[in-house]
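Novice: If you want the building blocks of each chain, they are given just below.
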Amino acid sequence: RKEVEQDPGPFNVPEGATVAFNCTYSNSASQSFFWYRQDCRKEPKLLMSVYSSGNEDGRFTAQLNRASQYISLLIRDSKLSDSATYLCVVNGGNFNKFYFGSGTKLNVKP
Amino acid sequence: NAGVMQNPRHLVRRRGQEARLRCSPMKGHSHVYWYRQLPEEGLKFMVYLQKENIIDESGMPKERFSAEFPKEGPSILRIQQVVRGDSAAYFCASSPQGPTNTGELFFGEGSRLTVL
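First to last, the sequence lines map onto chains R and Z. For what it's worth, this note's numbering labels the leading residue of the first sequence as 6, then goes sequentially. For what it's worth, this note's numbering labels the leading residue of the second sequence as -19, then goes sequentially.
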């Protein structure tokens, strides 16, 4: 079983739509969770960390469900510039080992 | 530029040659990670190093691949006798040590290897 699993998509949505991605992880001892964004042929960049209580940054909301071992990312009022691949990243119990999901591709259309 | 520096950005090799990819972590970072990304796929963990130590190489192919992070100088990912299947983007990331580690990885722009 993979450490981190994501739906690869693509998710094709119109501008202004709300879209949600989920990600599941296998190691119940995982301590830290992140969403990264990767544009085509670019390096991944941190979008936001995911805290146990859930957290919001503008149009982006991240939530963690430890009991079910999944994290989610909600994007409201999608913009064309949100088109990218979103990577779920989990720290595998050892604070310095990170596991990446294969990414969910989002295409926001005009 | 205080970010993670990778070079070369693009490297072309013929089958059987050697490829050396270099990574200088951010200033103050002592943890380096190498990831490989095949076209249209996610990042695959290869190796995690600290200065002069390989901490976890569970993602490294058993043959032809090696990595080091010497006391002085950049981390190097070495691929011997390259084959076409080694064509990929190789990303290096770094993180700081100790209590300043927020868990965030800082990535370089990647080295794109093409094997002819």
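Check each hint, because a few of them may be wrong.
[What the hints assert, rightly or not] Sample of chain Z residues at the chain R side, in silico, Cβ under 7 Å: (1) G22; (2) L23; (3) E43; (4) F45; (5) F71; (6) E84; (7) G90.
Hint data in this document are derived by calculation from the structure and do not stem from the laboratory. All residues carry an ideal CB built from backbone N, CA and C; glycine is no exception.
Novice: Check each numbered hint from earlier against the structure, then list the numbers of those it violates in ascending order.
Specialist: Violated: hints 3 and 4.
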